[in-house]
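> Going down the list, the sequences are from chains A and B.
Residue numbering for the first sequence follows our numbering, starting at 1 and increasing by one per position.
Residue numbering for the second sequence follows our numbering, starting at 1 and increasing by one per position.
What the hints contain is simulated information worked out from the structure, not anything from laboratory work.
Watch out, some of these pointers could steer you wrong.
Any copy, or any two copies together, can satisfy a pair, since identical chains are not distinguished.
To be verified - Below are the DMTMM-like pairs computed for lysine to aspartate or glutamate, each with C-alpha atoms no more than 20 Å apart in a straight line: (1) 367 - 174; (2) 59 - 328; (3) 27 - 62; (4) 194 - 250; (5) 123 - 17; (6) 191 - 305; (7) 27 - 245; (8) 165 - 62; (9) 221 - 167; (10) 325 - 52; (11) 209 - 31; (12) 123 - 243; (13) 123 - 142; (14) 191 - 235.
2 protein chains.
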Amino acid sequence: MARIVQKFGGTSVANVERIRAVALRVKAEVDAGNQVAVVPSAMAGETNRLVELVTSVSKLYDAREYDTIVSTGEQVTVGLLALALQDIGIQARSWLGWQIPIHTNGVHGKARIESIDIEEIEKRLERGEVLVVPGFQGLGPDNRITTLGRGGSDTSAVALAAALKADRCDIYTDVDGVYTTDPRITPKARKLDKITYEEMLEMASVGAKVLQTRSVELAMKHGVRVQVLSSYTDEPGTLVVDEDEIVEQELVSGIAYSRDEAKITLVSVPDQPGIAAAIFGPLADNGINVDMIVQNISHDNNATDLTFTLPMADLERAIATLEGKRGELNFADIRADKNVAKISVIGVGMRSHAGVAQRMFTTLAEKGINIQVISTSEIKVSVLIAEEYTELAVRALHTAYGLDAD
Amino acid sequence: MARIVQKFGGTSVANVERIRAVALRVKAEVDAGNQVAVVPSAMAGETNRLVELVTSVSKLYDAREYDTIVSTGEQVTVGLLALALQDIGIQARSWLGWQIPIHTNGVHGKARIESIDIEEIEKRLERGEVLVVPGFQGLGPDNRITTLGRGGSDTSAVALAAALKADRCDIYTDVDGVYTTDPRITPKARKLDKITYEEMLEMASVGAKVLQTRSVELAMKHGVRVQVLSSYTDEPGTLVVDEDEIVEQELVSGIAYSRDEAKITLVSVPDQPGIAAAIFGPLADNGINVDMIVQNISHDNNATDLTFTLPMADLERAIATLEGKRGELNFADIRADKNVAKISVIGVGMRSHAGVAQRMFTTLAEKGINIQVISTSEIKVSVLIAEEYTELAVRALHTAYGLDAD
């Protein structure tokens with residue numbers, strides 16, 4: 001007997017027929033003697049519909065009311081899923097965020113789960129009842145509904161699995177696992193049986209949208225074994241686990257890419273102490289996350305060019321912020337480029353192996369691809385290149401690191 | 001300064017534009033220095049959509065999950081209305097049934113409000129905050145969401161007005177008040193300035209669907225002054241008040257009709273003690289409410305014919321129930337008739353005046369309309385007639401009792 005949390009995304013509960021299919025998957029676990037908690041998202045499209053209602057009433061909306069409204073998407077699916085389970089003879093009931101409660105902090109619209117009161121629900125689990133718990137929502141310290149931000153249902157599921165000390169947290173989605181790279185770019189992409197939390201985090205942070213970043217962080221912190229798998233097949237998926245569980249660690253586990261990047265270059269900035277703080281302070285104050293940063297060596301005139309990348313969506317706001325500080329920062333020009341992509345090579349194996357970055361640079365050079373910016377971490381090397389080379393770069397690197405399927 | 005509860009039906013909050021119009025009506029009361037609680041229904045069509053989702057998943061659904069799902073309709077409108085109010089500078093927030101809480105009994109799907117904790121919300125009112133409270137929902141003793149049954153939002157508003165000792169409960173709807181009869185039947189129908197609780201109850205019970213019956217009962221019990229008015233105009237509506245408040249009471253206040261009736265006649269039932277109990281007991285056990293009952297005098301063979309009316313929707317079920325008891329009841333035949341209508345003359349004035357019923361019978365006779373069944377109460381005379389005479393009867397009675405507009 002095992003204790004399992006199953007999470008189903010919006011496409012998996014998109015209509016009544018799909019909800020019935022989910023109920024059958026839950027039943028299979030129950031029939032196998034397992035204790036099950038299920039965490040569904042809102043029906044596909046529902047959250048967008050609700051968000052549009054909110055923004056059509058008020059541009060600068062009160063996040064507390066936003067949460068009250070948008071959380072109804074999951075409230076509907078937990079009720080429907082509980083009914084579908086009862087309909088096939090499974091004892092089940094819905095537990096809303098405020099009923100359990102799932103306590104969060106008070107940051108409405110982007111709340112973080114702080115604790116989950118499991119006493120009552122654990123009793124129910126042990127009695128054989130299936131818990132149907134809405135993703136994405138909790139209860140704030142103000143006794144109002146909070147939501148966790150888009151994609152928060154993954155986090156709900158992992159947090160619940162951690163609180164209930166579940167043996168596994170199965171994340172059902174519309175892909176059947178984590179791949180060495182995007183299969184739409186190369187048919188040689190391979191599904192990974194296992195991947196470490198750290199690698200999954202790096203994959204997520206560079207655009208592989210299989211799992212929400214915070215859910216992976218949480219799983220890593222609490223040692224929750226996460227499985228990513230398809231709600232359309234019965235194939236096993238990819239296990240996201242601790243490094244110790246992976247016996248034969250490969251050098252590189254995957255190649256990720258992101259086209260949601262933009263690049264800003266400030267031309268001829270005075271090269272003096274405090275200039276970086278003067279530039280990035282106002283951006284941070286406006287909630288703009290800067291990613292890669294490169295500062296060139298000084299020109300003769302004691303000025304330097306400063307280049308950094310940021311999410312495409314923040315570009316206009318970043319330019320406006322910097323233009324507003326032009327007098328203070330004293331730069332000659334701002335140049336923005338949206339036609340860039342970030343390509344990352346990821347693998348915990350590179351910690352103990354030299355030459356991983358070098359192979360990346362060589363491979364790209366052989367294809368005539370110019371590297372604009374480089375950044376590295378312990379288990380990742382990322383480069384910024386012109387967007388038009390994205391597919392070529394990903395395919396070349398996939399082959400160069402021996403990831404191609406036979 | 002007054003304390004006012006405003007209730008808006010589904011068509012009044014059908015879309016974002018209508019919600020903004022509601023916000024302006026609330027603002028007008030706030031600007032006039034009043035304390036305001038607003039109770040919106042779900043957006044028109046939304047409750048039906050949610051009920052269809054429920055029934056498409058499960059025919060014999062768990063009413064607790066039904067409540068969790070269907071209550072989201074009002075949860076969305078309170079959020080949107082709070083946002084629309086904030087957007088025009090009014091301090092407002094939503095208060096869900098479980099947050100206040102509005103305590104109900106545990107009859108999911110048809111719960112009754114038992115008490116409302118007003119301590120916190122009254123403080124907010126006194127500080128000038130507008131309360132936005134969902135109609136139709138409460139919190140059951142099992143800590144789960146309950147709903148009050150269709151049309152329950154009127155009841156929510158009146159219960160809130162009673163708990164808050166509000167000076168008035170304004171029910172905004174798509175008609176502009178209570179009329180002497182249905183204006184679609186005669187253009188001579190007049191809007192009433194005032195009507196008593198008792199008359200309103202009788203009007204509601206015979207099909208004038210302006211206010212939900214339970215809300216009128218509750219208003220009467222707690223002396224809540226209810227105003228029915230249109231959300232499309234600025235005209236005053238109809239006040240539903242205590243008899244004492246109506247100085248010049250008219251003999252008859254209105255003519256109501258209902259086509260939702262059916263008639264059953266049991267032919268040649270043994271005329272013996274206990275036979276009525278044997279017939280109506282099983283019907284009551286099946287939740288079928290019988291309305292008018294007539295038992296004819298005995299035939300020679302010591303048998304009688306028994307006629308009664310019931311809601312059209314229950315007809316098939318009633319016949320099946322009675323057929324199932326045929327051996328026991330020993331009747332010769334069951335005859336059912338759907339082509340009947342109930343016409344009622346209503347007025348508290350008839351308590352102290354003779355001849356009201358007589359005028360009804362004479363008027364109908366003059367038009368050649370046969371009366372099938374008669375029933376009377378202190379303030380109402382109802383007759384069952386063939387459905388095709390409905391409009392003719394209503395118009396004739398409206399004129400006969402001097403109700404026609406000039």
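> State for each hint whether it applies.
Status of the hints after comparison with the structure:
1. For the identical chains of this complex, residue 367 and residue 174 are neighbours neither inside a copy (33 Å) nor across copies (70 Å), given an alpha-carbon limit of 20 Å.
2. In this assembly of identical chains, residue 59 and residue 328 lie within 20 Å of each other by CA distance neither inside one copy nor across copies; the values are 32 Å within and 69 Å between.
3. In this assembly of identical chains, residue 27 and residue 62 lie within 20 Å of each other by CA distance solely across copies; the values are 18 Å between and 40 Å within a copy.
4. Taking CA atoms no more than 20 Å apart as the test, residue 194 paired with residue 250 passes inside one copy only; the shortest distance there is 11 Å, against 84 Å between copies.
5. Taking the closest pair of Cα atoms, residue 123 and residue 17 never come within 20 Å of each other, the shortest separation being 31 Å inside a single copy and 47 Å across copies.
6. Within a single copy, residue 191 and residue 305 get their C-alpha atoms no closer than 42 Å, and across copies no closer than 78 Å, so neither meets the 20 Å cut-off.
7. In the homo-oligomer, the alpha carbons of residue 27 and residue 245 never lie at most 20 Å apart, since the shortest distance is 29 Å inside one protomer and 63 Å across protomers.
8. Taking the closest pair of Cα atoms, residue 165 and residue 62 never come within 20 Å of each other, the shortest separation being 36 Å inside a single copy and 30 Å across copies.
9. Taking identical chains as interchangeable, the C-alpha atoms of residue 221 and residue 167 lie at most 20 Å apart only when both belong to the same chain, with a minimum of 15 Å there against 56 Å between chains.
10. With identical chains, the CA atoms of residue 325 and residue 52 are never at most 20 Å apart, being 34 Å at best within one copy and 56 Å at best between copies.
11. In the homo-oligomer, the alpha carbons of residue 209 and residue 31 never lie at most 20 Å apart, since the shortest distance is 32 Å inside one protomer and 50 Å across protomers.
12. Taking identical chains as interchangeable, the C-alpha atoms of residue 123 and residue 243 are never at most 20 Å apart, the minima being 33 Å within one chain and 56 Å between chains.
13. Within a single copy, residue 123 and residue 142 get their C-alpha atoms only as close as 27 Å, which misses the 20 Å cut-off; across copies the closest is 16 Å, which meets it.
14. In this homomeric assembly, residue 191 and residue 235 come within 20 Å of each other (Cα to Cα) only inside a single copy, at 11 Å, whereas the closest approach across copies is 69 Å.
In the structure shown, a violation is registered for the earlier hints numbered 1, 2, 5, 6, 7, 8, 10, 11 and 12, in ascending order.
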